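**Q** Next come the chains, spelled out residue by residue.
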Amino acid sequence: MFGGHLCRLLKQLCKPMCAYTNQATPEFRTCIVGSGPAAMYTIESLLRFQATDPLVSKRLVIDVLEKLPTPFGLLRYGVAPDHPEVRNVEGKFQDLLSHPQVRFFGNVEVGRDVSVSELRNLYDAVILAAGCQEERKLEIPGENTLSGIYSARDFVAWYCGHPDYSHLWFDFSSTKDVVIIGQGNVALDVARIIGKQVESLRVTDISSVALDCLANSVVQNIHVIGRRGPVQASWTAKELRECLFSVKGLQPCFEKQELVISDVDREELNTSRTTRRCYDLLTKCFSERSVSQQDLFARKLYLRFLWTPVAFLSHDQNSEIDFAGEHILRFTQLRRNRLTGSSGKQKAVLVEGPLGDVNWKQQCELAFRSIGYKGKSFEEVPFDEKTGIVPNKWGRVISRTSPSLNSVAETESYETGLYVVGWLKRGPTGIIGSNKWDAEETVKTVVDDFLSKVKVNRYELSQGEDLLTLLLSRNVAFVDFKGWKRIDEEERRRGKRRGIEREKMLTWEELLEFGAVCTRSKTYGTESELLPKK
Amino acid sequence: MWTCRATTRNLIRRLFPRRYSHMRQYVSEPQAQKETIRITFVLQDGTKKEIEAPIGKHILELAHEHDIDLEGACEGSLACSTCHVYLDEKSYNKLPEPSDDENDMLDLAFGLTEYSRLGCQVVASPELDGMVITLPPATRNMMVDGHVSKHH
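Line by line, the protein sequences give chains A and B. The numbering of the first sequence is the numbering used here, which starts it at 1 and goes up by one. The numbering of the second sequence is the numbering used here, which starts it at 1 and goes up by one.
It is worth saying that the hints were derived from the structure and are not from the lab. Note that this is a predicted model, so its numbers are computed, not measured. A couple of the hints might just be wrong.
As the list claims (entries may be wrong) - Taking lysine-lysine and the DSS-like style, the derived pairs with C-alpha atoms no more than 30 Å apart in a straight line are: (1) A:Lys-482 x A:Lys-496; (2) A:Lys-444 x B:Lys-94; (3) A:Lys-444 x B:Lys-57; (4) B:Lys-49 x A:Lys-92; (5) A:Lys-92 x B:Lys-48; (6) A:Lys-376 x A:Lys-361.
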């Protein structure tokens, strides 16, 4: 018992030699890349296995690597500031991260500071929980050349105070129309934050920059546009209900004929409870709203279906005036769709017809695309570009060399000691809680593999150095759990002054000043100090 | 005997003041017994755990007090579906229909059945005496192993 405490104390003092004081019994060394909800539930699951399985117990080491200085991923930089109840789980995550067997390494980027193969040498199991860091693009003219077109992901990160996006400035003071392409919960989040009265955001921990931008907003119309119909939209009932019925000063609008559904649509409604309830909400809102008196001063939220964006334009092709030199977004060009295919597999195809009927040119000053996230490939890790995930079975990463991803289990080969969990494993679906069973599945695989290794005596004690020594030798200014607590406390202190939960630090410099264990000499030009800053 | 038990309980309360601070002090034993019902939890591995549940407490709270592994990520604020449980048919029918907000979250629950409820929304009441609560399967593997979910 005393040895354990001593070891921990020494580790905190950054003495590299202490890493392997308990060499007699092999440690079960695991490393989680990423620190979002999936990573946290993985910790929980690993700790639970430790409690139940005598072979795993007492030897478990969990290291958590995070690219940012702060943990919790999308819980911190993805959950909308006006949904504080969703973030109640943070307390539990803090407890997990402060567990004595868990070490947190913030500001450590895999691929920059340490490679995946190095990690695989250091650990019995490397569990990738990096989530979806990339976004699908529309691939239409104007998307990459005009200014005023953003990804919803960047906008979300920006209003959540992500340090990579704090330099952005959205000019809502000269924006009348906003176009959002895509109909998921992220699209609704973006629409709600833009559409909400700014007073109701002041009490949240939204980034102060975002609050300044939104305070001068003159936005009148928000167009949320989907390629498919009302039945195929991927939002969920809670978010849709909130947007339609409980945002003050935001009036939902529909085109009646777009809410009419076909027999195939009806078949789809019968197979999914969520879809059915969401569609009911739309029709309920449509019928109730049409009789109530319209609020002239309200912002309008147009939910439009069956339109495909075909181009972003900087000028009106029909008029003589040419703004082409400006490269500023002025219009979104859309084409009418219809659905073909069987139930559950309906696809949108363009409708041919007279130009006036099938074309819609929407004036807009800002456009957001929100058509789905996808994972980012790691060097030396198999990756499926098409689906945007790491190919896996029950969390075990399938080798790139395997002939076909759909082949039967016997012919598949796996990457030893490499696992995946969360969105990088299953794609960007589900809510925070969905990660619980996802993590449980991966951890079961991890533990099974470890136990079978121990049983056949093929277990080799990893003799490599500890990650801590590796990072120190490379002069990486990492943030440990104490560093994160310093950031956390300072943010809460600043928030208290404004009467909110926390005021997030918006720059890397500030976050590292409070959090980093030692400073990176090449950045600051100083010798690395091993002792934490006061 | 009667006083002896009460003294022991007071001692425990004094030793662990935080844990028991929410309990009312000086409740006489017979009265306290009347205010509880019997609830059986069926855990993921099939084992049964019978508990005495005080009236007015919700299932999530009870599960945590008895070390039953039921997640409550949003702490009962209807923002997640991690305290999803299955009730027995009889008890389910005694309860009023779930609210819209609860249904919104049940939509996203894993392994939904027609007797699914959120633990944070079901409060122990006298008519629920003898209720059987089954925890849903924890992983997809367990679903394959035999649990059949009746979705929708």
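**Q** What are the numbers of the hints the structure violates, in ascending order?
**A** 2, 3 and 6
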